[in-house]
Amino acid sequence: MAEYFGVKVEDIFNTMQERFRPEGAQGVDASFGYDITGEGKWKLTVKDGQMNIEETEDLSDCVVVTITDGETFVGVNIGKVDGMSAFSSGKFKAEGDLGALGKTAKMFRKYAPAKKEMSIRDYLIDMFGTVVERFKPEAAKGMDIKFAFDLGGEYGGQWTVIIKDDTCQVIEKIEGKPTIKLEFMDAKDYVDFSLGKIDAQSLLAAGRAAVQGEINLALKWGEFFEKYLDPMASGEKEQELLVLKKTISVGQRFATGPVMGKFLNALKDKKILGTKCPECGRIMLPAREICSECRVRFSEWVEVGPKGQVRYMDYVYYASPDPLTGETRDTPYGMISVLLDGCKGNDTFAHIVRNDQIDRIEFGWNEMAGTRVRPVWNEKRTGSIFDIKYFEIDE
Amino acid sequence: MAHRKKNRNVGIIGVGQTKHSSHREDVNQPEMIHEAVRAALDDSGLKLEDIDCIVHGNMELFEMVFMPDLWHVLGTGAYGKSQFRITTGGTVGATLSCAADNLVASGMYDVVLAIGFEKLQEGHTTGGITNMADPLWFRNLQTGALTGSTAYNIIREFGEERAKKASMLYRVIMDKHAMLNPYAHRAFGLEFDQMDDLIKNSPKLVGDLKLIEMCSQSDGACAVIYASEEKAKKLSQNPVWVRDHVTVHREETFCIFGYDEKYPVTMTHTEAAKRLFERNGITDPVEYFDVFEMYDPASWWAVDWLRDFFLLEGDEHLKLVENREIMIDGKIPINPSGGVIASNPIGATALLRVAEAALQVRGDAGAHQIPREVKHALASGFGGTMWTVLTMLEKELNW
Amino acid sequence: MGKRVAICAVSQIKNDGDYWYLRFQNMLLPCLEAILEQTGVTFDLDKGIRDIITCSDDVYDARTISNNGVTDVVGAHLRGEEKMAQEAINGLGYAMASILSGHDDVVLFMGHCKETQTESRLMNTNLAFDPFYSRPLGLDFINANAFQAREYQDKSGLTDEHLAKIVVRSRENAKKNPYARENELVTVQDVMKSSMIADPIRELHLYPVTDWAFGMLLCCEERAYEFTDNPVWITGFGNCMDSYFLGDRDLTSNFSLKRAAQRAYEMAGIKDPKKDFDVVELMDSFAYQLPLWAEGVGIVDEGKGAEWIDGKGADDQNVNLSGGMLNGNPIILGGVARALECVLQLRGEAGKSQVKGAKRALAHGCYGAAGQHQAVVVLEK
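Quick mapping for you: the protein sequence lines, in order, are chains A, B and C. Take 1 as the starting number for the first sequence in the working numbering and just add one per residue. Take 1001 as the starting number for the second sequence in the working numbering and just add one per residue. Take 2001 as the starting number for the third sequence in the working numbering and just add one per residue.
For the record, the hints were derived by calculation from the structure and aren't laboratory data. Just so you know, nobody snuck in bad clues.
Selected chain A positions facing chain B (in silico; Cβ < 7 angstroms):
#1 Gly196
#2 Asp199
#3 Leu204
#4 Ala205
#5 Ala206
#6 Gly207
#7 Leu241
#8 Ser292
#9 Arg311
#10 Asp314
#11 Tyr318
#12 Gly345
#13 Ala350
#14 Asn366
Since the structure is predicted, the reported quantities are computational estimates derived from the model, not experimental observations. For glycine and all other residues, C-beta sits at the position ideal for the given N, C-alpha and C.
Please construct the entire structure, taking both the sequences and the accompanying hints into account.
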């Protein structure tokens, strides 16, 4: 016999006797039938504060017969499936006296599943089965998102959680184009992840999970849904671990000083100025007060570039936050070390390269020159690093 | 006069650490610190009143707590005691060890407890590291500590296939070590036959640096107790002696490798190793040391840095990896703990290197104990823009 | 112990209310150059500076690893560098340990803080409190200290007028100090009329926003005379941490300061602090703290701070002749500034504030709400 949420249909019937509340059955004298598709038929007879349950094919003398499938029946009994919605959707039907059926609710204490291991499949059914009740419409106002889950492995499956018009719906397949798709090679990882046993970064790092589509929305899952609580966690409700979320921001006024200040000011005039060490001849970019190697102040300003050759480029895929704005940068982008004309050795200058050209950049090495680049200046220049919009290939 | 003889010897007599994890919502900062403090006290059999002085360190902006030692006194146990707060960068844990060593050796304090910690889940780590850069310039450009430059360099020097394999092999070996360490944050159970797949499929971060090759962001704390020779011998059965330490920093620059052989860049790791080995008379470090706990933020760097730290030439460092000599049962085991790629609570990370090295010397590392006697251990710290701290530990007081 | 460490040179720039035109790198560089010029010390790996101790703060600099930004201007490229991430006076204790341990014979000690860079020092110091309870309540280093001020007033009989007198004296003394922040001289009436910030603390009762940087060269006893003819010796150091929650503490008991002082006195062999010091510099970030800390270090009897002010005890005992922290030093450097003033006194270089024949001095520094962490240094000629 199949298990639903870790419970068999017969578990519900077999425990009826011990869950029976005579005080709730006062004045009831009737039989109630249960026709559980694919599982069997049961008849409950209540009389004089006593009850009897039997598995039988004959439900003819019952005042009301409940017709449903095993998952819904168990789900409603253990509170995992909302009875009213199951009833409205037709998954849970009753033929006969509906009023009488209502009385059965008071006759029994709630079924408490015996403590035992839940399988991965049980967890998946439970997790997706409780998505709708965990949905927080106020947090997802106006959202139109399809979260697709593609979970591999023996117990895997496909689900789509659809948020639209402040409602949430779960379907057990992936159809159309989801806004975001989460793939887990093994469904067990998804379960562990949802239970907080393993972190997403580790799974992504190991290539055991992948995210496609709008990654930032994946992070919002936690805002749209209440946290999934492990039904196997100890009988007493565990203390909820609160975390305090706070963005701390304290305004700053960074001085530029005479040296950095002159360097930044020169950018307004489309000039790149370095400071030169009187001892080793090194040119410092951006300009600095002192040559750290020789421990002497610079002796002269030197105008360099503005063109130069790329010595190295970091091809950045990781969506890094810009600490000044909090915005996540677009990826990929290329951060280049440019040896500006007039500089030598390792006196490189860091900036970014035009985004559509990052795949065409060659790095220089020793005598061999890298891709020639030139700065693209902003129309309005304020004395900041972004007076240079970016470097582009000099062609 | 150069480097002088130590005023008095210093022994490590207790180490403690927390489980490193991205899920420590169950404790706040002082509580997490206290777990490590308690573990170190239990390890040494001491009580808090036996500690004279506490040295605390981390980086304020990762958790956005100003002068955090004030609040953390609830967990550090510094109430009524002498207390210092000394920091550097990712090196801070190693610096704490150096400071504790100096404080005890000076004769000013007999028993000093060093505490390093970080709760990286309480802030944005990459954003925090990016904040390190000059606000007028580089802060606008960089991506935390991520760079593909070392991968590029190794690939250029040794060819793509050999380089990528060496980096991934190092990574898998570290995971095999991490599987043996119950405190490790990330232990995936990677197998050697997965290497080609990982090289192909692990998401890229920057250039050829892949997510699997980069260190984690962890919550965790580490505490280590240092005592004078007299006290150490009285209080401990098996103190581990701190022989020497050296720190080498660089200017704030992100040009940490040379683009032109005519203009070599002095590497801080090499410089630190040269100074340390020279003044301690060590000519062949691979032969001399029985374990090296290296601050390895990414497998590419680790592979490259083996050459720097051990003063190797040509492809000797690659061969150490390729021949699996760096495995726990190899010639020179690197990070039997799983290293930084497995667990990285930044303010504790470099102190963990010293703590793990000390456990190896004591023979108390449990499942990740090296299966032969460990007499000489080396531990490194890395931080800032290429800063290095090296610490030497010894089993015998005989140098 | 009997061992001592030399301060061979000190340097500083003038304390200023707004170095808007300087990066902190520009503030440190002249301090470095002055030390090199005074002592002739080099960065030679055998004979010169191998290790540097800096002091700065990540929150005030708004930089993770604030010391990363200063490595070039403190000469730390390819040298060791360690940062005191607490009140810089503790750096003297740590430098002492680094030298006495044998690890270093020469240590360069430099620090900076630009309080003007931040939008609000109250927002910064609010971050010193736990994020769950005290921080949301809005505690910062001013309103938290107001609790201590009020309690101390009750204990010692210190009045608003006493506090005003302390401020007036501080500003008068500072006028004799060429490196002091330029402040207007004020009258008792001016102070008593200044606006109330956190009762009983008035605007003029607290140190003004200040930018400053300094340098020092420390050395082992054997080599001190290579760098100076006039060394000043650190003979005692002690520090101590109190508990965190204000409610857990007796705010006027000077618990941590007494312990810190006791440790320093024991090391230096001080028997009677009332008589043994020719010069005393206390880190009075707030006016009420001058008598409170004076009690803590044992130069004034417990609870007698107000009488001490009335009796001009601070003048008799040469306390804060520099103007003190109250006239303006930045946070995290107020204690080391006290030590630097003591060095100038003991070297006979304190100009118009010079105490003739000063032989022994006490410098004090603290940080945290209501002086949670305290440090004391004993300096001798």
